[in-house]
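Q: When you get a sec, could you build the whole thing from the sequences and use the hints?
The primary structure of each chain is shown beneath.
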Amino acid sequence: MVVARLEAEIPNPGDYCVTHVGETPIVLNRDQGGGINAFVNRCAHRGAEIVREPFGNLADFTCVYHAWCFSPQGDLIGVPFMKGVNGKGGMPPSFDMREHGLTKLKVARWNGVVFGSFSDDTEALEDYLGPLMVEHIGEIVGRPLKLLGHQRQRISGNWKLYLENVRDAYHASLLHEFNRTFGLSRLTQVSGGYMDARHRHSLLFQYAGSDQDAVARQAYATVQRGAYMTLNDSEIVRFVKENPRGITTRIISVFPNAVFHQIYNCIGMRRVRPLGPGALEVLFTMFGYQDDDEAMTRHRVNQANMVGPAGLISMEDGEAIELVQRATACEPGRSGVVEMGGIGAMGNLDTRVNEVPVRGFWSYYSELMGIEPEGALR
Amino acid sequence: MIIDPLVRGLVDDLLTRSAMLIDRDDLDGWLDCFEAESRYIVMPRDNRDRGFPAALIHCDNKVRLRDRIVCLRHANKFNPHYDRHIVSAGHIRSVADGIAAVELSFLVAQTTKTGVSSLFCAGLYEDRIRVAGPSAKFVERLAVLDTFSVPTLLATPV
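Quick mapping for you: the protein sequence lines, in order, are chains B and P. Counting from 1, one number per residue, gives the positions in the first sequence under my numbering. Counting from 1, one number per residue, gives the positions in the second sequence under my numbering.
Rather than coming from a laboratory, the hints here were simulated on the basis of the structure. It should be emphasised that the depicted structure is a prediction, and the values quoted were computed from it without experimental measurement. We put the CB at the ideal spot given by N, CA and C, even for glycine. Mixed in with the good hints there might be a few duds.
Over 10 Å on every C-beta distance to chain B, these chain P residues come out as not near it, computed from the model [said to hold, decoys possible]: (1) 38; (2) 42; (3) 50; (4) 60; (5) 67.
Simulated DEER-style distance windows between Cβ atoms [what the hints assert, rightly or not]: (6) P:82 - B:230: 21 to 31 Å; (7) P:74 - B:119: 46 to 56 Å; (8) P:109 - B:127: 48 to 58 Å; (9) P:35 - B:240: 51 to 61 Å; (10) P:45 - B:241: 33 to 43 Å.
A: Next comes the structure, spelled out in structure tokens:
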């Protein structure tokens, strides 16, 4: 079960977009009845990609190669010259259009988020997410959304390095100097790294303002080698409280491919897709809420300066992932050490000096892939 | 439309000089190419085409642009590289009230510190340039990226 897109990306009947499950291209569309359908973007006839534009609005889907036509649900509804011409050629009598639909995905919708799966045997969505993720993601997406646009980035690293990065509570103020300088994220704050019961998803969070600058700067004295910078326009680090808890930043990773982020008032969803073993693409979908006024939209667009490939915080993640890829791909079979937050049983910790959610990811991944060593902790 | 040769000369000088300043990594000099009241935005082409406001870099005023350059110099860690801009001749679409509306295409090649070059991005500048007396400066530079799936990261201004 993977996160496909937001419903807000295909708001009107006939709207479609191309997305991916792993490397497989998928067409996600909204039909005239408002239903959301997903099928593999591959003609049942000879395997050509059917949809060639990344998004649009269509009543049906016709392959350009031989003009086979499919319904929004992915059923085959038209085969040119199926019965041949003048009694010659055409499909054999045994050909049954009903048997040649597109490969369909099971679709589930929750709070405007669309999930897809190739398996009919999936957990109920809220069971899969678990109550903690339902609560926190629900706080971010549980209101009518206003799409603000996309950012895309291609990183020369294995896709799992990105999924480690978003579960790595420890790095946020060490790699990202912007975070520790302006107190968006510091290891001295009230913060934590929590997981679902099976440790496959994670929630990293903190409360800005819960530590004191002087105390934090003392704690980071060996890390911060030069003077701290200052901003002349501090609007970018202004926080408007929008959630009941007053959490200022949270990064919520949903196994396997999605991240929901709230960094102050910059909110969005990221989807990671592999491009072979050595590269990945991240698609950031930036949004606000339908009831945002113009000033709030401007504020979110301004705070979007912090995220994405050019983000004042997150540009470093692209660099860090490539550093790991370059130095590790050349020598498989070696290992690193992931012990921040302790060894043994995995659990939630009220600190970000914590890599346990990274272990949670690998634990579940190993189980699914059948590479879990005997006696491993789940 | 006949463009005053002096206006064209000043616009051409700004367009080529601003590109060379980035390639020389003289970002303070590049900042001086902007008016005190000015905007600099790097926008993915798909957002531009679909009318979405989200950008990659969105500096609504020069203070924010300066903050970004300070942050780049001081705090950000990114891939060490050289930039090389290739810009087309500027197409001056109009001149009104001392402001020239100009469009031009660009390519940016990035080269690693081990000497490997690749195309970083292609795109279009949509500029509004104030031409006053002996100088021309940007009132607005909108860089629309055709290459909106950014290779690795975008640190240095385009």
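Q: Each hint should be assessed against the structure and marked as holding or not.
A: Taking the hints in turn, this is what the structure says about them:
Once the 10 Å rule is applied to beta carbons, residue 38 of chain P is consistent with being away from chain B; the minimum gap is 14 Å. Here residue 42 of chain P does not stay apart from chain B, with its beta-carbon only about 7 Å from theirs, under the 10 Å limit. With a closest Cβ-Cβ approach of about 7 Å to chain B, residue 50 of chain P is found to fall inside the 10 Å limit, against its non-interface label. Against the 10 Å criterion, residue 60 of chain P falls within the reach of chain B, whose nearest CB is about 7 Å from its own CB.
Look at residue 67 of chain P: its CB is around 5 Å from the nearest CB on chain B, not clear of 10 Å, so calling it non-interface is violated. At roughly 29 Å, the beta carbons of residue 82 of chain P and residue 230 of chain B sit within the given window of 21 to 31 Å. The beta-carbon spacing between residue 74 of chain P and residue 119 of chain B, approximately 49 Å, falls within the hinted interval of 46 to 56 Å. With their beta carbons about 50 Å apart, residue 109 of chain P and residue 127 of chain B fall inside the hinted range of 48 to 58 Å.
In this structure, residue 35 of chain P and residue 240 of chain B break the distance hint of 51 to 61 Å, their C-beta atoms being roughly 30 Å apart. Between residue 45 of chain P and residue 241 of chain B the C-beta distance comes to about 35 Å, which sits within the given range of 33 to 43 Å.
The structure fails hints 2, 3, 4, 5 and 9 (numbered hints given earlier, in ascending order).
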